[in-house]
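Engineer: Residue numbers (the working numbering), protein chains in the order written: chain B, 1 to 348; chain E, 349 to 696; chain F, 697 to 1044; chain R, 1045 to 1392.
Note that these hints are calculated values from the structure, not bench results. Don't be surprised by glycine CBs; every beta carbon is placed ideally from N, CA and C. Take these hints with a grain of salt, some might be off.
To give an idea of the interface, some chain B residues facing chain R are shown, with a C-beta separation under 8 Å as derived from the structure [claimed, not checked]: (1) Ser70; (2) Arg74; (3) Pro75; (4) His76; (5) Glu131; (6) His132; (7) Asp225; (8) Arg227; (9) Tyr228; (10) Ile229; (11) Lys231; (12) Gln232.
Residue strings, one per chain:
Number of protein chains: 4
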Amino acid sequence: MIYFNSDYMEGAHPRILQRLAETNFEQTMGYSEDPHCERAASLVRKACASPDVAVHFLVGGTQSNLTVISAALRPHQSVISPQTGHISEHETGAIEAVGHKVNTLPTSDGKITAEQIDALVTAHWSDPSFEHIPQPKMVYLSYPTELGTIYSKAELEAISTICRKHDLILFVDGARLGYGLASPENDIDISFLAAHCDVFTIGGTKVGALFGEAIVIRNDALKKDFRYIIKQKGGMLAKGRLLGIQFECLFEDNLYAELSNHAISLAMQLKQGLTNLGIPFLIDSPTNQQFPILPNALIENLKDRYSFSQWKRMDNERTAVRICTSWATKEEAVTGLLQAIKTELARN
Amino acid sequence: MIYFNSDYMEGAHPRILQRLAETNFEQTMGYSEDPHCERAASLVRKACASPDVAVHFLVGGTQSNLTVISAALRPHQSVISPQTGHISEHETGAIEAVGHKVNTLPTSDGKITAEQIDALVTAHWSDPSFEHIPQPKMVYLSYPTELGTIYSKAELEAISTICRKHDLILFVDGARLGYGLASPENDIDISFLAAHCDVFTIGGTKVGALFGEAIVIRNDALKKDFRYIIKQKGGMLAKGRLLGIQFECLFEDNLYAELSNHAISLAMQLKQGLTNLGIPFLIDSPTNQQFPILPNALIENLKDRYSFSQWKRMDNERTAVRICTSWATKEEAVTGLLQAIKTELARN
Amino acid sequence: MIYFNSDYMEGAHPRILQRLAETNFEQTMGYSEDPHCERAASLVRKACASPDVAVHFLVGGTQSNLTVISAALRPHQSVISPQTGHISEHETGAIEAVGHKVNTLPTSDGKITAEQIDALVTAHWSDPSFEHIPQPKMVYLSYPTELGTIYSKAELEAISTICRKHDLILFVDGARLGYGLASPENDIDISFLAAHCDVFTIGGTKVGALFGEAIVIRNDALKKDFRYIIKQKGGMLAKGRLLGIQFECLFEDNLYAELSNHAISLAMQLKQGLTNLGIPFLIDSPTNQQFPILPNALIENLKDRYSFSQWKRMDNERTAVRICTSWATKEEAVTGLLQAIKTELARN
Amino acid sequence: MIYFNSDYMEGAHPRILQRLAETNFEQTMGYSEDPHCERAASLVRKACASPDVAVHFLVGGTQSNLTVISAALRPHQSVISPQTGHISEHETGAIEAVGHKVNTLPTSDGKITAEQIDALVTAHWSDPSFEHIPQPKMVYLSYPTELGTIYSKAELEAISTICRKHDLILFVDGARLGYGLASPENDIDISFLAAHCDVFTIGGTKVGALFGEAIVIRNDALKKDFRYIIKQKGGMLAKGRLLGIQFECLFEDNLYAELSNHAISLAMQLKQGLTNLGIPFLIDSPTNQQFPILPNALIENLKDRYSFSQWKRMDNERTAVRICTSWATKEEAVTGLLQAIKTELARN
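So that you can see chain B by itself, here it is in the shape it has in the complex (with noise of 0.2 Å):
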């Protein structure tokens, strides 16, 4: 059986485990006031071509996000994020648990637009009862969004400008950062994130390692007093060396790049071979996970063999899954379904 249902179904690349029984032994002080996760916040820093932005090391994302909207946010302010954003559907309210309304914006594509920001920002402040509606003050996006497409360099730096404006605060989302800029269709690096964002994370998770994300603040009122936060929130790690080292070895070496290309390389090929066999896609996505419209009667035939998770019912005849390349997906696994998938419709 062979599973494309996520990105996060096996463990981490072997290089972090060699690392981790490496280190094993050394004495370290626990809360990531260690010399791992000081090399690992310089190598960021590094990569943020910035040697002024903050960076913490948390093991999860929705711990990310809540952390980062509690650190930022006023008790009356809201964060603007499309529908289909992960703050918006799939964590359980975290973000309402710490006080605060996610506003969304309608999308059928995962992204937001800096016109939408603009039209609902302009409406709040025009409103002679808007002391009595939540203030926007923060936009959450994701690179790439939950549908697997990107921003473009141009649409980020509309949306940058647009947060400038109304003094918002721009929080980029990267749990599968490194998916998108692995993507053909990428036109911006971590340095430009680290310009235009006032905070954004890097996902370890996704990509590589057994767990971890890495938080990188370049706004200053932000930086002040974040580590209260984690540990409020319960997101400080004891031994929090292990998100140390994980980073350490992802951003040493260019691994991170590294395992992001493979699995984009394979999304493609996947890709290419559906599109030759003519089947549609729900959405154009250009990164690692792939959308696309399958037959029911092939999905049930497949069912023993590869297994992904069903993302949307079309009609009585056809459901459009997602199917999920990863750093640790195989290239055979690839080819075979492939293979698979034409074997089924040559049989009909």
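Chains E, F and R: place on chain B using the hints.
Structural biologist: Frame of chain B, contents of chains E, F and R only:
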């Protein structure tokens, strides 16, 4: 340089690292819905001698505490804790941040008594303004305590009885549970906790795991929807199997007890050695944290070779320090420290 | 200048002021533990035809909503509301601030249907990632709605049935309840609400009181400890009798119905008059809020004599406005306004 | 039966009721955006001798406290309070419910000192684990305290100085402010508070109003967006003018001082009378709350004629009680009580 500062200065027992490596390319579903978590939970239930307890695995202690307490209490309810309790003093207000007052009881040894609990709850219900005061609804205590002490079976039975009398939820924080159970003074086991608590934790972080706390729930009301709360608070690990694998290792072949015994054996050796040297203690601890009172000059002279926390300044001449042993402490570290102290004392 | 901007522009019905004066030097215990609150609660229970409902009096609507919802839900649970619901749009995120997501349903007339609720809840429980999504546990709706519309008995029965099927708490916000009950289209009474809701409110602020909302609770679980939550949220009025006295006035001698009928009678007169003048409406409201669509020039020409809220810009020429009548509106104000509009229309 | 149980047992000063009646049919905009609130704020600013303070009017004290504290603190910050502070002991965890720890300092007379504050804050910043502890950021104290005592000008200056040194927000709860200012021992005025606090309240509820607290803000950061927070916490009164009208009455023609002086004059008469009878006091209070220690038998014999709170059981024979005078207390009530006690004492 040898560190005795805490029991989380190294990585994990090698058997755990090895198991992580062996299972690294298994593909499993996320969020602890995998065979390793299932088997680990089954091993924990066996140790509890209860097929009915719910078992969840979380990464850290503060996270576990805030998740349990948030899940258990209605907004107006408070949790009773010793003044020195971890939730009271070292979680940056995590419990208040999820809305609840921590009702502290004075303690000199880190423990609280059934009588103290009874008095506090009785005072609440006899106050004519009781609705103006948070309603005490949960008792939190640690086994062992932050001062290394442990409750006797009789003390815990009395507390459990008073909790049932007043319809209080009893929550035992077992971040260092193994070190309590391995103490020569211990007279309980895990099945005793499972029978007498509504919920308790079994700490892995400090007892040989990279990270991880098992939350064991006996109270049916608290079992309901618990995973929603884990997710909301940011505690649901994507690659949940990492927790399962570690607890499998710890709870098969008795590894948890073995590692705990090792730390306690060295702690007792240290305690006896210091006693023989005429060193007094801040508190008589039967577990892996020892609090000897040392001359400041001696501490100064050791500081390039041995590190430990300065716990409490006693007077101008002496300071109580905390020396922790752990599963990873080497016997020669303890004998070396004892010898160094002996030599220093002899020099004066 | 005559204002139709809202139904809370004047003080209170004179009988209420008189009663406050008469009772002014009575000495009573605070926090609603006085004979006036007791008698008022008894009158409300009588109107509910239920000796078993709990009745509490709070000062304001947002306060009542956040207190009820905070008391009712566990942290991971959400409340379903029409997109236009007061808790969704006009309480500055008060519900999120006590930790809960507001799950909005689309609506064109301010109402939601049993089918919508059923679909949302069914979708939740059939989602394989349901634990990653807040659990819908309560339905909030207003009677009348923010758009002046009311639910029929059949619609409410259907909603109540679906709530019981899915174990949802049904909460009806009656900030303008009197104006709903007095509507010519109304086919329910207070006892119907008491029988079909878990909790509902009876608004005093907009129907003749200086301030005050009665919260009526049928659900036993929600009754428990409710006063603690009132106090914690800042809603326990020191001189609670002020609320009791006002609700005594409103619920003896039928004053609440009388004042409501007055406002509705004038609203219907206004609606008929505008209809006769050929004025269209944004929505067909049978209660005290009317939403005629007026030419901008006409609004401009009236603005020194008549004030009302601009609700929605329809096009370059016309704007929907909100005109509220209330217990305090004078008949000559309505006839004057109609005459003025007629004159303006004739001028063109 | 005559009640001395609290200072909120009657309605309001008749001039306030009369003014409410006179203005009853004025039409004004809601939410304190009306001429009465504007004029009241102006009168308060004049009393503060500061044109720059922001003034808001809320209904109650707990509401005011939780709104101010929620507006002022970031999530990881705590508020320092005397152990006996209202926010610490009598608000059902309202401060914790908005996420903040109340850091209590021991006190025997209800007051705290600059030295205590300095020590607590210094300890925080010198703790190597300071990020694991809520950051003290605000000082809360009451003038007068819950025990009737007041701070001297010198004490408040010292506290203000220490707050500025440590960048702490100083918040003075003036629920009974008038009674403090009218005390023979008082040496400050409102303008002193406006100059030395970041924020303070002027209580109306206990000093002649039906209800109402004025919040006075000097700190610019705290002024920003304060009305959003009021609305979110349920404290924005729809008919806000009711607060404005009452504070207009209280702050024109010196009514606030006059009513306060009345209560204090009677309290001092009571205190002197009891002292003359040889009655000891729990505490030497110079304000309207007096805490005499009475024989239980005497209390028993008075109980059908005079009511007051039993405050603290001293021993088997005697109980400290709380006797409150207020703006509404009649002189004959005090002389009657003194006479009754004298008679009772003489009978034995």
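Engineer: Mind listing which of the numbered hints don't hold for this structure, in increasing order?
Structural biologist: Those not satisfied: there are none.
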